[in-house]
Every structure is written in C-alpha cells, then in structure tokens.
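**Q** If you're matching them up, the sequences are chains A and B in order.
Note that my numbering has the first sequence beginning at 1, numbered continuously upward.
Note that my numbering has the second sequence beginning at 1, numbered continuously upward.
Everything labelled a hint here was simulated from the structure, so no lab data went into it.
Hints may be right or wrong, so weigh each one.
[Claimed, not checked] Restricting the straight-line Cα-Cα distance to at most 25 angstroms, the calculated cross-link-like pairs of lysine to any residue (SDA-like) are: (1) B:Lys173 - A:Met311; (2) B:Lys242 - A:Ala294; (3) A:Lys30 - A:Lys15; (4) A:Lys310 - B:Ile303; (5) B:Lys173 - A:Leu290; (6) A:Lys305 - B:Leu192.
Source: prediction; values computed, not measured.
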Amino acid sequence: MTEIAVRRPEKPGSKRMGFFTDTTTCIGCKACEVACKQWNDLPADGYQFKRGGSYDHTGQLDASTWRHVRFVEIETPVHEAVRTPMDTFIGAATDGGGGVSHDVMDLVGMLEQPELDKWVFMSDVCKHCTHAGCLDACPTGALIRTEYETVILQADVCNGCGYCVPSCPFGVVARSPEDGRAAKCTLCYDRLEDGLEPACAKACPTDSITFGPYDELMDIAARRVTTLHDRGVDGAYLYGAGEDEELAGGLGAFFLLTEPPETYGLPHRAESPVQENVVPATFAAMGAGLLAAAGVATAFVLGAKRADQKMSRVRRMRGRSW
Amino acid sequence: MAWPGRRGAGDSTSDGRVAGGDGSGGDVHADWDTARAAARARQEEAAHAQREHDASDPRDMTPALGVPGQPGSWQRAEEGADVALHIGEWRDGRWSYLYGDDTAYGVNGDDDFDVEEALRRRGSRDEEPSRVVGPMIHAPVWTWEVPLYFWFGGIAAGSSFVALACDLAGDEKSAAVARKVALGAVIPSPVLLIMDLGRPARFLNMLRIVKVRSPMSLGAWCLISFSQLAAGSVALDLLGRKKAAKVVGGVNAVFGGYLGSYTGVLLASTAVPLWARSRLFLGPIFVCTATATGAAATRLTLIATGNLPDNHPTRHALGTVETVAMGLELTLSEINERRLGDLAHGLEEGRPGRMFKAAKWLVRGGLLLRPIRKRTGRPAHDFASVMYLVAGLLFRFAWVLAGQTNARDDEVVAKMAREPAKEPGA
C-alpha cells in the first residue's frame, strides 16, 4: 500500500526509449495504424470519414486507436496573381453600370475558394511524457512508468474510473465503452521485453517513425532540423524533444513538425494537470473547508449565546416586574 | 467420422477410402494412430529447427524474469544486459526510396545542430494560433452518477459541520440528527461512484494504494473514512454514548472538510480549461454548496421530525449558515465566470448553461425570501431550503456537464495552452 515511484531508479541495461516521428517523411499510408492494431489486437474503426472534409477515418487517438495518422489539409488563400486582375475585372464590370451577372459572381466564388495547397500527415501517438498527467491522476496504480521510462497501463488493474481521460493534455488515453477500461499506447512494452522494436516503427516504410534510445533519437532529430533549414524549410522544428519544460518536461515520443502545433491538434504548452494544479487547488479547497467548518461553528455558538442573553434578559425583566 | 448422424455407406475417411459402415471402425482408429505419430514427428522436427534457428538468431530473446501470466519483475534475466535491438546507429534512412542517393539526410552532416534551437522554432507562446484542427483533448467520460455523488457528498460534509457546531453550541439533540443526516447522505455516495466505473466489479482496486498526488485516490480514502466515522458516531448515539459520539462526530467534520472540497480539486487537476483555470475557485465554491445544502438538509430533517420549535437558536443559526454560504457561492461563481472570459465557454450556453442560470436564480430567489419570511414565518424558509437543495444539485450538474462541453471546444483548449494561468492575486 505504498505509492508507486514517479521515476523508477535506473536499472542496468535499461535506458529511456522513445519514438521520433518526422512528419516531413510521412506519406499517410497508415501502415503504423494497421501494424499497431494487429499487434495489440485492437478492433477496426469503421469506414466513415470522421472529420468533415478530411480523408481521415480514424479521427483521433482512442481506446482502440493507439497510433493515428492525422491528415491535415493546408489550404492557401487565392494567389495574388489571380486576385489582382480579378478585382480589376469586377471593378470594371460594376463601373459600367448595372449589377454583376450571376455567372461572373459564380466564377469569382469558385476562384476565391481556398485551394488545397498541401497535405501534411502526422502519425500521432502517446507522448510518454516525463511529467505524465494520466500517471499522476490514476488512483489505482494501473498506470506505471516502466524501466524504459515509458508509461503503460496495466489492464488487469484498471477499474475504469475515467480520471486519466481528462487528465491527459494531449487527448491520448481514452476509456473504451465496450471494455470499460482505459487504454493507450504501451510503446510495445511486450515487444521491447523480447528485444523487438515497436510494431508501428517496424512497419513504417519511410522511417517517419524511428524507435531507439532517447539520446540518439534527439541527435538524429536535431540534425534533421538543421538539414531541413539548410534546404529552405524554415518552419521545421522539434516538438517536445529533450527536457522541454514547456511540454510536460519533455516527451518520450517527440515530433518534427513544419506547421504550428495547433494545426496538428497539439497544444503549444502542456504540463501534467495534476502537477500544475493540485497544490494550489488543494490549499484553496482545504482552507475553504476548514473556514466553512469554523464559520458554521461560530454561527451556532454566537446564536446560542445570543439566545441565552435574550432568555436572561427576559428573566431579569420578569424579575423586575415581580 | 465419429458423428452417428453422418455415418453411412457414402462416408469417406480422411485418406479418401470409402468406409463400409460398422465394420470399418477398427481400421479408422488404426489410421488415426499412424496420423498422430506422423504429426508428433513433424512437431518435433519443427521444434528442433526452431531451436537451431534460435541459436543462430542475433536478437536477444532472453525473456524477462517472472511467471507466465503474472506481472513482470522489472528485471531482465541477464543482469547488466543491454536493451536488445534498439538502433545502435542511424541507418534506417538508407532504405527509404524518398531520398534516393541522398542517404546522408539527417545522418552524417556536420555537428552544428542544436536541440534548443530546433525547439525554439516552435514560436512564441504570445502569438495567436493560426488554425486549430481538433480534436485537442478527450472530454471526461463521467455520467450523471458523478455530479449526483458530488451533491450527496456535499450534503454529508455540510451536515458534519452542522453536527460539530450543534455540539459546540450545546444542542445535543440537533447534533444527533445532523449526524444521522450525514450518514444518510454518505450511504448512496460509494454506490454512485461504483456505478460510474467502467468495471464496477473492480471497485476495490481504488483501495489498492494510497496515492497522495491523485485527488481521486485521496478522495476514495476520505469517503471510506468519512462513512465509517459517520456510521460509528450514529451507532454511539444509539448506544447512548453521548460523549464518544461527540468526539467521533468532531473528527468527522475534519474529514468532511476534505470530502466537501476535494471534488473541486479533482476537477481542477484536469486538462479541461474551464476546470483547470478555476483551480483556486472550484474548491471554495464546492465547499459553499456543500455547507448550504448540508445545512438545508439538516434543517428540513429537524423540522420534519418535529425537533426544531420556533425561535430555537439552532433554527436561526441554520438559516444564517444557509444564507451566507449560498450568498458566497453566488458571488464566487460570478467573479470566476467574469475572470475566465472566453475560457468559461460551456458554462453559459446549452444545457449546462441553462442549469447554471436556473441554479443562480434559485439562489437569488431563496435569498430574497429571507426578508419576507420574517412576516410569513416558517413556510417561506422551508421553501428557501428546498430551493437551495435544488440549486446545489443544478450547480453540480452544470459544473460537470460544462466541463464536457468545454473540453470539446478545441479553440478554447488551444487558447488555454498559449495563455499562462492568471490568478486573482498575480
């Protein structure tokens, strides 16, 4: 009946393992999703496109989706080269008196529709945070940190309280309505134990997903960012590598991104909600609780005293009249 | 071909021979024996091949220590062994057709790379996010049981305060009733919580560990302790041990202080913007609701059992407690809502918004009844108590449901991540 250590002491031979996911090399083939589902015996997600206007029928990370290839459509407004002559044309048409015909307006509407500039894919996964919100929230100790410094959920302990679900700032862990328990990526703990790399990394045909010791991954990632900058991709940056104070103390699974994080549904800053809020919230709450108990007691004691005084005054007055 | 229904002249055995009815039984068995022997030989052969293959396999297949089907022992069979099959050097990029001959992509290069610099390019947090593509976080999965439990737990906590106060003021009879109310309100609480679990049969796992940093773990332990103490104090009352009941009831008021407030901490310690950014307010607001509903429930019980004559000091005190607590709750909610601004989305619209508004109007109505009741006497005050109880229930539902709406609003979640927490003092 003791608390599980936040960080396990380092064992010989075990080091932090993680994923480095490079979105610039992802082709959106979903091999990682399928490999993950096959290895972990997870059900399919159905055949509907979950997000309107996107070729994405997984939608989000879920209890039965531990890898999710996010399809992000980057749209650009109409190019200046098209816009300027069009404006002059419309200007001329209206100056000549009379309204602009419907045909022209239709054409304008069509041209002004933002175009699909490019498609960005990102294979999303549990981040295995250094400060893991789910791990802090779990009341049963089902969520633990392993010797690879990954965060796994022991399915035989979880009782489905659902507290880890809103405690994840990345929206990863979820409770399955069929199964009743929470579930998330284990970084293929079972495969790691047997000396195999995780199923998704194994399946990735372009090595967008790389698995390895954390330090080595960080080297590779930083080199890649430098290379990309040299080649003119100025927007390339790392999300969550190292001991990033702004992102839950660093993410065990980090990413190379080219768009702002929100475009991929990632928060710009994240911290374990429990570590961030529990101390001030508890002080405020306990203070209020004790104050309330004291306040109620005061009200009663004062009330009783006043009643006593009233009684004695009545008695005194009666005595006087006697 | 052992199925009687399928036996007949036309049946064929596995080796394609036509079986001749009853007389062929012995032959079939003899065939099976040879088949079994052959299968066993094949299996042994395969196992041998596997063993040979294992010996030549460069991968480390040493299993972790432990018993099959039991939790791992966190130790590898070989002390000091390296984690097998992690990528020793970066070489996978060479297999990729994307880069053709350019296998140096992010592999060799010079050493002027900088992780810090690569991270900084994420941009400053002061900028507005250009486009938010959700979903950002998962909404809480809790259903009606949880807010209902918050209400019952609050009533229990509030009644424990009242019991302590009555004892201190010397009103032993009311204190005993208040302790019974606390017990009555806390009995449905664990049932509701167990109903809300995804695996109700495993509810005892909550008591597997004491985890100080998890508000839910501490809350579960607090709820257990509170119900035991509440039951104990009522039992002592029934046995006529007045002094012991007083002491146990007094200790229970301390547990009540946590029971009535930890629910606010529990909600505040999540990634839901509405809850997380109300972290200094949720606890106090929940305590106010708990105190007011507890006092109202005790008051109505006392009146219904005929234990509270007019002009009894306890009656006045209960009235004061209800009014002050509900007034404070209204004020705190109002301040918090204004302070949150856009992040309060969910608390103003839709079903939770309507509940929140209705609750606030009920409180205002109850507070207005206070000056009136001087003239009308008891009925107006009774009505106000009922209004407070309903308002408390609506507040609980509104807070939980609004959190779910709030978590589904991707813009709000993204905004919270960019904005540092602003406290009233800072």
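**Q** Any hints from earlier that this structure breaks? Give me their numbers in increasing order, please.
**A** 3, 6
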